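Residue numbers (our numbering), protein chains in the order written: chain A, 1 to 486; chain B, 487 to 573.
Hint data in this document are derived by calculation from the structure and do not stem from the laboratory.
One thing to keep in mind: the hints can contain errors.
[What the hints assert, rightly or not] List time: in silico PhoX-like cross-link candidates among lysine-lysine, alpha-carbon distance up to 25 angstroms:
id, chain 1, residue 1, chain 2, residue 2
1, A, Lys383, A, Lys256
2, B, Lys542, A, Lys372
3, B, Lys518, A, Lys470
4, A, Lys390, A, Lys483
5, B, Lys493, A, Lys470
6, A, Lys60, B, Lys542
7, B, Lys516, A, Lys470
8, A, Lys54, B, Lys542
9, B, Lys493, A, Lys372
10, A, Lys473, B, Lys516
[Said to hold, decoys possible] Example chain B residues on the side facing chain A (calculated, C-beta under 7 angstroms, incomplete):
id, residue
11, Met496
12, Thr499
13, Val502
14, Tyr540
15, Ser541
None of the values given here were measured: they were computed from a predicted structure.
Every residue gets a Cβ at the ideal spot worked out from N, C-alpha and C, and that includes glycine.
Single-letter residue listing:
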Amino acid sequence: MSNNNSQSIHLKKEILARIIEAFLSDNYEENTRLIPYDMRPKGAEVPYRCCIYKERAILKERVKAGLGFSLEEDDETKLLSDYAKEALEREKPDEHPLTVLDAACAGCVPSRIYVTDLCQGCVARPCQSACKFGAIEMVNGKSKIDGSKCKSCKMCMNACPYNAIVKLAVPCEDACPVGAIQKDSNGITRIDYEQCISCGKCVAACPFGAVNEKSQIIDILKHMKDDKKEVIAMFAPSIVGQLPGTIYQLKTAMEKAGFDRVYEVAQGADITTINEAKEFEERMEEGAPFMTTSCCAGYNQFIKKHLPELKEFESTTETPLYYTAELVKEKYPEAITVFISPCVAKRKESMDNPNVDYVMTYEELGALFIAKRIEIAECEESKFEVESSKQGRNFGNTTGVAEAVKSVAKNPEEVKPYIISGLTKDTVKELKKFTKDKSCPGCNLIEVMCCEGGCIGGNATINIPRVARKQLKTLLDESEDLKRND
Amino acid sequence: MAKVNVKICMGTTCFVMGSSQLQDLVDIVKNKYGEAVEVSGSTCLNHCTNSSEYSKAPYVTVDDTVIQEATIDKVLQEIDRKLKENE
Ligand code: FES
Numbered sequence: 001m002s003n004n005n006s007q008s009i010h011l012k013k014e015i016l017a018r019i020i021e022a023f024l025s026d027n028y029e030e031n032t033r034l035i036p037y038d039m040r041p042k043g044a045e046v047p048y049r050c051c052i053y054k055e056r057a058i059l060k061e062r063v064k065a066g067l068g069f070s071l072e073e074d075d076e077t078k079l080l081s082d083y084a085k086e087a088l089e090r091e092k093p094d095e096h097p098l099t100v101l102d103a104a105c106a107g108c109v110p111s112r113i114y115v116t117d118l119c120q121g122c123v124a125r126p127c128q129s130a131c132k133f134g135a136i137e138m139v140n141g142k143s144k145i146d147g148s149k150c151k152s153c154k155m156c157m158n159a160c161p162y163n164a165i166v167k168l169a170v171p172c173e174d175a176c177p178v179g180a181i182q183k184d185s186n187g188i189t190r191i192d193y194e195q196c197i198s199c200g201k202c203v204a205a206c207p208f209g210a211v212n213e214k215s216q217i218i219d220i221l222k223h224m225k226d227d228k229k230e231v232i233a234m235f236a237p238s239i240v241g242q243l244p245g246t247i248y249q250l251k252t253a254m255e256k257a258g259f260d261r262v263y264e265v266a267q268g269a270d271i272t273t274i275n276e277a278k279e280f281e282e283r284m285e286e287g288a289p290f291m292t293t294s295c296c297a298g299y300n301q302f303i304k305k306h307l308p309e310l311k312e313f314e315s316t317t318e319t320p321l322y323y324t325a326e327l328v329k330e331k332y333p334e335a336i337t338v339f340i341s342p343c344v345a346k347r348k349e350s351m352d353n354p355n356v357d358y359v360m361t362y363e364e365l366g367a368l369f370i371a372k373r374i375e376i377a378e379c380e381e382s383k384f385e386v387e388s389s390k391q392g393r394n395f396g397n398t399t400g401v402a403e404a405v406k407s408v409a410k411n412p413e414e415v416k417p418y419i420i421s422g423l424t425k426d427t428v429k430e431l432k433k434f435t436k437d438k439s440c441p442g443c444n445l446i447e448v449m450c451c452e453g454g455c456i457g458g459n460a461t462i463n464i465p466r467v468a469r470k471q472l473k474t475l476l477d478e479s480e481d482l483k484r485n486d
Numbered sequence: 487m488a489k490v491n492v493k494i495c496m497g498t499t500c501f502v503m504g505s506s507q508l509q510d511l512v513d514i515v516k517n518k519y520g521e522a523v524e525v526s527g528s529t530c531l532n533h534c535t536n537s538s539e540y541s542k543a544p545y546v547t548v549d550d551t552v553i554q555e556a557t558i559d560k561v562l563q564e565i566d567r568k569l570k571e572n573e
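Excised from the complex, chain A in its bound form (with noise of 0.2 angstroms):
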């Protein structure tokens, strides 16, 4: 995805990669103790950090997140090969997504408000007499600020005659549309979990890679390899464009990686439309003023954690998700089912979802076909039971969920679309206005995406959105459209 870091992504996929070569090969506990040695060697480079034993702890913790651990509870004298031991024992992923990892969040200043090297060291001191917290001592003849104090007011900043004084940015509370992330005074980043959305929008935007996913990788090799169920893996439809090949070789690929079925989660997205077109209806009849859409699971959350006065005009429709993974525990119902996402906020809407055990992003998916050398371009094409729609494959894109219901409705010229193609500190604004007016003006279907450019734009996507774009059209204009029956 187009971000800023981009380094630690490479980083990330990369471990994800040694954690299954680990779990293939034949001493699993072992090898993934070895990551980090083999990652940074004895005499290697070091890229990042100030020592190779810096390097390899902070490698250490990317590799337990991507065993599933949360980092905040640390054990520092555990090994590796113990956090994968457990990893395989038990029975659950965590519940909350998300983990930040302390060593590398560091980096990032602790004090909002900063002295640079411009400070003259003058006499008057006028930020110092400024600062009703104390917080500005001298230190070698120089203002510095006392992180623990400041209560980033800016008064100092203001009170410089040289402009000595910045206010910094903290790039993931600057990302979260909801104020869930913060650094406290200590300079440690917390995430709190009662008011974050999973939105993942901080994972993106953190330039040290801070903010990591706890993987359920382990989870799902563990039921692939043990093969006493079946395995059945439902992608998202923002896939297409995503790895290479068309999506016909990438269901070979996924069954050569070790899924025993394959579904696009378009065919959810085609009952999702059909069910939304005809409620848009219904509620207009009634005389609502708008409806919103309901499949992003961002979304959802942010309404429910945040703006509860909206709930009643979003639809009350199942997202995609939901109906394919209803299908599909219908026809297998003892088989493990996987969500393969871009997102960290399905991570969560899976876990109160009982037909969906795990979810596996791309970025996971990626790794997989890496450590198993599985190339998807030289893949037979293999069809889907069901072929999904043009309208369901395009719901990972911004606009495409407001056009799909429109595509189906009595009177599409009725369905006015307002679109909102990530949730941000602005758009959330928006809506708050549009639920406190009780209308949003010359509109009457607002689709909500939670990333910019909708799923496409997704925290664990691979490929740029524009890009990714290109390809899904070549697979929309070779698709049928959706048709309603009633």
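Chain A is already provided as a structure; the job is to place chain B with the ligand on it using the hints.
Only chain B with the ligand this time, still in chain A's reference frame:
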């Protein structure tokens, strides 16, 4: 003058590790060098077979030079070098 030949690896490993984001090179190179340089996507170039190697993906070749952890900038630099050499 011989053309400079650029191959962007679009094999699974390279694609996942970042060559998906190098596809813009095709247009960039065409605009910058016109006919002098030829860019194409390629199937796996076989530089990725073991773990110490896949960690260095994506791979791009410029004539016979292999670029590891390729970025758009690295590739353009190498093209410039090659063009100079060929002069
Ligand atoms: S996928 Fe690029 S070298 Fe193999």
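Right, here's what the structure says about each hint:
Between lysine 383 of chain A and lysine 256 of chain A the CA atoms are separated by roughly 15 angstroms; this keeps the pair inside 25 angstroms, and the hint holds. In summary, the hint linking lysine 542 of chain B to lysine 372 of chain A is supported, as the alpha carbons are separated by about 17 angstroms, within the 25 angstroms threshold. For the given pair, lysine 518 of chain B sits about 23 angstroms from lysine 470 of chain A by alpha-carbon distance, which is consistent with the 25 angstroms threshold. Distance hint between lysine 390 of chain A and lysine 483 of chain A is fulfilled; the C-alpha atoms sit about 10 angstroms from each other, no more than 25 angstroms.
Distance check on the hinted pair: lysine 493 of chain B and lysine 470 of chain A sit about 21 angstroms apart at the alpha-carbon level, within 25 angstroms; holds. For the proposed pair lysine 60 of chain A and lysine 542 of chain B, the alpha carbon gap of about 20 angstroms is at most 25 angstroms, so the pair holds. Of the supplied pair hints, the one linking lysine 516 of chain B and lysine 470 of chain A holds, its CA atoms being roughly 19 angstroms apart against a limit of 25 angstroms. Among the hinted pairs, lysine 54 of chain A with lysine 542 of chain B is consistent with the structure: their alpha-carbon atoms are about 21 angstroms apart, no more than 25 angstroms.
Under the criterion of a C-alpha separation no larger than 25 angstroms, the hint pairing lysine 493 of chain B with lysine 372 of chain A is consistent with the structure, at around 24 angstroms. Our distance criterion of 25 angstroms between C-alpha atoms is met by lysine 473 of chain A and lysine 516 of chain B, whose separation comes to about 24 angstroms. Residue-level restraint check for methionine 496 of chain B holds (minimum Cβ-Cβ distance to chain A is 6 angstroms; threshold 7 angstroms). For threonine 499 of chain B, the interface hint holds, since its Cβ comes within 7 angstroms of a Cβ in chain A; the closest pair sits about 5 angstroms apart.
Because the beta carbon of valine 502 of chain B sits about 3 angstroms from the nearest beta carbon in chain A, less than 7 angstroms, this interface hint is met. For tyrosine 540 of chain B, the interface hint holds, the least distance from its beta-carbon to any beta-carbon of chain A being 6 angstroms, beneath 7 angstroms. Hint on serine 541 of chain B holds. Least Cβ distance to chain A is approximately 5 angstroms, under the 7 angstroms limit.
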